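Protein chains in written order, with this note's numbering: chain A, 1 to 616; chain B, 617 to 832.
Just so you know, the hints here were simulated from the structure itself, not pulled from any lab data. These numbers come from a predicted model, not from an experiment. Ideal Cβ placement from N, Cα and C applies to all residues, glycine included. Just to be clear, a hint being listed does not mean it is correct.
[Stated by the list, open to error] Calculated lysine-lysine pairs in the DSBU-like style (CA-CA distance at most 35 Å, straight line):
{"hint": "1", "chain 1": "A", "residue 1": "K14", "chain 2": "B", "residue 2": "K705"}
{"hint": "2", "chain 1": "B", "residue 1": "K776", "chain 2": "A", "residue 2": "K17"}
{"hint": "3", "chain 1": "A", "residue 1": "K126", "chain 2": "A", "residue 2": "K220"}
[To be verified] Far from chain B by the CB rule (all over 10 Å, computed), these chain A residues:
{"hint": "4", "residue": "N32"}
{"hint": "5", "residue": "P92"}
{"hint": "6", "residue": "K135"}
{"hint": "7", "residue": "V211"}
{"hint": "8", "residue": "T304"}
{"hint": "9", "residue": "P343"}
{"hint": "10", "residue": "D568"}
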Amino acid sequence: MKMYPKEVEKILQKVQKPGRYVGGETHSVVKNKDEVDVRFAFCFPDIYEIGMSHLGIKILYGAMNQVPYFWCERVFAPWVDMEQEMLKRNIPLYALESGSPVKDFDFIGFTLQYELSYTNILNMLKLSGIPLRSKDRPDLFNIVVAGGPCACNPEPLADFFDIFFLGDGEEVDIEVMELYRQCKKTGASKDEFLMRAAQIEGVYVPSLYDVEYNQDGTVKSCIPKEGAPAKVCKRNVNNMDSAYFPETFPVPLIEVIHDRVSVEVLRGCIRGCRFCQAGFLYRPFREKSIETIDRQCQALCASTGYDEISLSSLSTSDYSSLNELLDYLHRWTETEKVSLSLPSLRVDNFSPELMERVNSVRKSGLTFAPEAGSQRMRDVINKNVTEEELLRTVNVAFTEGWTRIKLYFMIGLPTETIDDVLAILDLGKKVVDAFYANKEKPRGKPVEVSLSAAAFVPKPFTPFQWFGQDTMELLHEKQYELKTNNPSRRVSVSYHGAETSFLEAVFARGDRRLCAVLEKAVEQGFHFDSWDECFDFNRWMELFKLCGLDPVFYANRTRGFDEIFPWDHLDYGVRKEFLIEECKRAYEGLTTPNCLEKCSNCGAACYKGGICIENR
Amino acid sequence: MKTVRVWFSKTGVAKYISHLDLTRCMSRALKLSKLPVWYTEGFNPHIYMTFAMPLSLGVEGLRECMDIRLTEDMELSAAARQLAEHLPKDISVLEITEPVLSFDATAFAEYELCFDSKDPQALADVLDEILSLDSIIVMKHSKKGDKEFDIKPHFALLDKQIEPVLLRVKLQSSCSQEGSVNPSLLLEAVKQYKGLEPYAEITRIKLLAKDFSDMR
Numbered sequence: 001m002k003m004y005p006k007e008v009e010k011i012l013q014k015v016q017k018p019g020r021y022v023g024g025e026t027h028s029v030v031k032n033k034d035e036v037d038v039r040f041a042f043c044f045p046d047i048y049e050i051g052m053s054h055l056g057i058k059i060l061y062g063a064m065n066q067v068p069y070f071w072c073e074r075v076f077a078p079w080v081d082m083e084q085e086m087l088k089r090n091i092p093l094y095a096l097e098s099g100s101p102v103k104d105f106d107f108i109g110f111t112l113q114y115e116l117s118y119t120n121i122l123n124m125l126k127l128s129g130i131p132l133r134s135k136d137r138p139d140l141f142n143i144v145v146a147g148g149p150c151a152c153n154p155e156p157l158a159d160f161f162d163i164f165f166l167g168d169g170e171e172v173d174i175e176v177m178e179l180y181r182q183c184k185k186t187g188a189s190k191d192e193f194l195m196r197a198a199q200i201e202g203v204y205v206p207s208l209y210d211v212e213y214n215q216d217g218t219v220k221s222c223i224p225k226e227g228a229p230a231k232v233c234k235r236n237v238n239n240m241d242s243a244y245f246p247e248t249f250p251v252p253l254i255e256v257i258h259d260r261v262s263v264e265v266l267r268g269c270i271r272g273c274r275f276c277q278a279g280f281l282y283r284p285f286r287e288k289s290i291e292t293i294d295r296q297c298q299a300l301c302a303s304t305g306y307d308e309i310s311l312s313s314l315s316t317s318d319y320s321s322l323n324e325l326l327d328y329l330h331r332w333t334e335t336e337k338v339s340l341s342l343p344s345l346r347v348d349n350f351s352p353e354l355m356e357r358v359n360s361v362r363k364s365g366l367t368f369a370p371e372a373g374s375q376r377m378r379d380v381i382n383k384n385v386t387e388e389e390l391l392r393t394v395n396v397a398f399t400e401g402w403t404r405i406k407l408y409f410m411i412g413l414p415t416e417t418i419d420d421v422l423a424i425l426d427l428g429k430k431v432v433d434a435f436y437a438n439k440e441k442p443r444g445k446p447v448e449v450s451l452s453a454a455a456f457v458p459k460p461f462t463p464f465q466w467f468g469q470d471t472m473e474l475l476h477e478k479q480y481e482l483k484t485n486n487p488s489r490r491v492s493v494s495y496h497g498a499e500t501s502f503l504e505a506v507f508a509r510g511d512r513r514l515c516a517v518l519e520k521a522v523e524q525g526f527h528f529d530s531w532d533e534c535f536d537f538n539r540w541m542e543l544f545k546l547c548g549l550d551p552v553f554y555a556n557r558t559r560g561f562d563e564i565f566p567w568d569h570l571d572y573g574v575r576k577e578f579l580i581e582e583c584k585r586a587y588e589g590l591t592t593p594n595c596l597e598k599c600s601n602c603g604a605a606c607y608k609g610g611i612c613i614e615n616r
Numbered sequence: 617m618k619t620v621r622v623w624f625s626k627t628g629v630a631k632y633i634s635h636l637d638l639t640r641c642m643s644r645a646l647k648l649s650k651l652p653v654w655y656t657e658g659f660n661p662h663i664y665m666t667f668a669m670p671l672s673l674g675v676e677g678l679r680e681c682m683d684i685r686l687t688e689d690m691e692l693s694a695a696a697r698q699l700a701e702h703l704p705k706d707i708s709v710l711e712i713t714e715p716v717l718s719f720d721a722t723a724f725a726e727y728e729l730c731f732d733s734k735d736p737q738a739l740a741d742v743l744d745e746i747l748s749l750d751s752i753i754v755m756k757h758s759k760k761g762d763k764e765f766d767i768k769p770h771f772a773l774l775d776k777q778i779e780p781v782l783l784r785v786k787l788q789s790s791c792s793q794e795g796s797v798n799p800s801l802l803l804e805a806v807k808q809y810k811g812l813e814p815y816a817e818i819t820r821i822k823l824l825a826k827d828f829s830d831m832r
């Protein structure tokens with residue numbers, strides 16, 4: 001059944017992986033466009049294989065399509081070869097389910113997963129023939145919305161979007177669509193709709209806020225108008241057992257990155273690692289019950305035919321009764337030949353018993369994230385993992401037969417010295433030594449330790465939101481030290497570009513003036529900046545110059561505690577005073593207990609849910 | 617245990633599923649069908665499946681086949697119905713049979729090429745002209761690089777039909793485990809010899825044995 005436009009057929013023969021552009025997957029939802037009231041184009045600003053691996057899109061797709069008079073369809077960014085062919089033939093971007101052009105949709109929704117996808121977002125609007133700026137879309141139609149982690153500071157995109165959803169999306173999206181439906185019926189204007197939408201918890205309408213700047217370029221004030229709230233609170237879903245979760249999703253015909261069933265077992269994280277934005281944005285820590293997880297796993301396996309389940313969350317090994325959960329699932333997964341995998345393992349709760357219960361991790365090496373090389377540095381970032389724990393864990397792994405260990409680190413962390421950077425290499429060497437000292441290590445196979453060092457990007461709503469990112473020169477120097485001091489042939493070192501991290505830092509803590517840069521970028525054909533083959537740092541620098549903006553102001557400037565941030569009118573429950581306290585503790589090298597050990601009064605208890613109200 | 621042959625068609629959007637992705641698709645459908653299929657033994661057991669001849673990406677197949685093993689005896693028509701229910705919309709099970717020939721008996725395939733053309737007669741003449749040459753050398757693109765290849769011995773024209781803006785060509789080409797020739801190479805020849813770039817939809821109608829009888 002072909003739904004895509006007829007002219008597409010001919011170009012499909014010319015592009016890589018045409019299966020990305022044809023739809024027709026089992027369980028994709030096809031409705032009659034004349035019989036629904038509101039059409040929502042869910043746009044993922046990256047290629048099909050990445051978008052189809054994303055759990056959020058599956059949840060929201062299911063939640064919207066459950067409502068008979070809503071129809072949510074999927075749109076992905078066409079890869080550069082397809083984009084070129086579409087442009088050549090004037091074929092506008094279309095949705096996979098109906099093949100309708102995106103410009104026919106009531107809502108165009110994006111998920112904001114990473115800063116480097118911003119050009120793709122605007123490029124997708126451009127390919128759809130939809131005006132980029134919100135003010136150039138005066139009608140109650142083509143409402144452009146977004147949610148996801150980067151919505152916590154959406155200011156660099158503020159001029160383009162009508163609405164941002166803050167926090168958990170499964171309820172608020174539906175409420176806003178419902179409001180739109182009412183407004184359509186009564187013939188209300190777009191302005192009226194937006195004013196009313198701004199009253200819904202979790203809805204941020206950027207056009208209802210006037211931002212003024214100080215002489216030095218910092219924000220002076222952000223004043224709400226038309227009755228919009230002074231603080232926009234994120235939406236929070238407390239009960240994960242009753243929250244909507246899909247029983248099925250479109251099963252891709254071509255292989256995608258995470259080609260398996262993915263079930264969310266908990267939301268939030270107890271840890272409070274100071275660099276991690278998600279750890280603060282998604283508070284409080286809320287678990288699903290074993291029975292709910294089991295039911296959802298069974299339903300999804302039964303509808304999709306996948307033989308692998310990923311139990312996903314920010315930190316699945318923190319699930320309070322993980323072994324019981326795995327045993328409960330094993331009642332049926334073994335006979336059905338379904339394997340279980342955990343996407344994130346922590347160094348401090350890895351055990352042979354756990355490994356026996358999850359089979360699929362055996363396929364490749366083991367990955368852990370100590371994040372920093374020295375204990376001092378790990379204390380600064382509140383990654384409460386010790387060297388002893390790491391060495392104990394790798395010893396368990398060696399005894400169990402693993403020989404490949406991958407360790408993730410960050411460089412450019414606050415207070416970091418060259419000694420802290422070199423400690424990464426020492427740690428790698430100690431893991432190699434532990435292998436040779438282990439009497440039960442596998443015979444005949446050498447150990448391989450890969451150390452991967454990413455450049456730290458300071459993010460809003462973390463204790464490091466005031467920190468000026470290391471300059472690229474300094475990051476390059478640190479990378480050079482890592483490269484040249486590698487102590488062992490069994491250790492390999494890799495790192496990511498400082499340039500992309502710099503750009504991420506600019507947009508992560510950027511303000512509305514950056515909209516001009518993004519608009520120019522898209523005019524000039526920028527896209528897929530998270531892909532090395534498309535990223536052109538020098539051209540980006542030229543754009544900043546053209547717009548009269550200094551990227552260093554956003555990325556490398558250390559802020560004072562009294563500065564008003566572009567995102568200060570957005571409220572994720574965690575108090576700014578708490579983040580200041582955490583920042584000070586970081587610089588003193590003091591750790592903070594996790595939510596399970598002790599409440600640190602961050603502010604997330606305002607939601608009256610999850611671990612904040614449960615007995616510890 | 618019994619080996620059975622699943623005959624299926626792969627049309628519409630399914631023609632854009634690569635061979636590797638097709639095996640994944642089949643494996644999910646077989647799992648959902650709850651047929652008593654045999655799993656390979658070893659550390660990572662998977663459903664045993666073997667295909668006669670992989671179909672090129674972008675080519676439709678009207679009668680493709682794969683072999684699976686059933687660990688219990690069952691009515692093959694019931695098995696076909698069960699599997700059909702769980703396949704994507706554009707993959708249909710035609711029937712399940714007991715295999716007669718082994719897969720290495722496959723020697724040729726019959727294809728239909730459906731050309732979009734404003735002047736189908738002229739295009740037909742071009743094809744005739746090229747096919748009457750003693751050798752037809754085209755550049756064959758592969759992972760190892762491009763190389764020259766004579767497609768002449770591998771093609772036999774069966775039939776031509778001229779319709780208002782359409783040219784339908786039926787042909788046979790080599791299709792065996794020793795080597796297969798994709799009919800898109802004929803399009804490549806038209807491009808190289810005549811500088812034309814006609815667009816054609818290609819369908820593999822069926823697989824043939826050495827004596828040109830249908831694969832069974």
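10 Å Cβ clearance of A/P343 from chain B: holds (19 Å)
Least C-beta distance between A/K135 and chain B, which was stated to exceed 10 Å: Nearest chain B Cβ is 39 Å from A/K135, so the label holds.
So A/V211 supposedly isn't at the interface. Is its beta-carbon more than 10 Å from every beta-carbon in chain B? holds (47 Å)
Is the Cα-Cα distance between B/K776 and A/K17 35 Å or less? Status holds; Cα separation ~31 Å.
Does A/N32 really sit off the interface, with its C-beta more than 10 Å from all C-beta atoms of chain B? holds (17 Å)
Find the nearest Cβ of chain B to the Cβ of A/D568 and say whether that gap is larger than 10 Å. Fine: 48 Å to the nearest Cβ keeps A/D568 off the interface.
Can you confirm whether the C-alpha distance between A/K14 and B/K705 stays at or below 35 Å? Distance of about 24 Å is within 35 Å: holds.
Taking only the CA atoms, is the gap from A/K126 to A/K220 under or equal to 35 Å? holds (33 Å)
Find the nearest Cβ of chain B to the Cβ of A/T304 and say whether that gap is larger than 10 Å. Given that some Cβ of chain B is not farther than 10 Å from that of A/T304, nearest at about 7 Å, it is violated.
Examine each Cβ of chain B, and state whether all of them lie more than 10 Å from the Cβ of A/P92. Fine: 20 Å to the nearest Cβ keeps A/P92 off the interface.
The structure does not agree with numbered hint 8 stated previously, though it agrees with all others.
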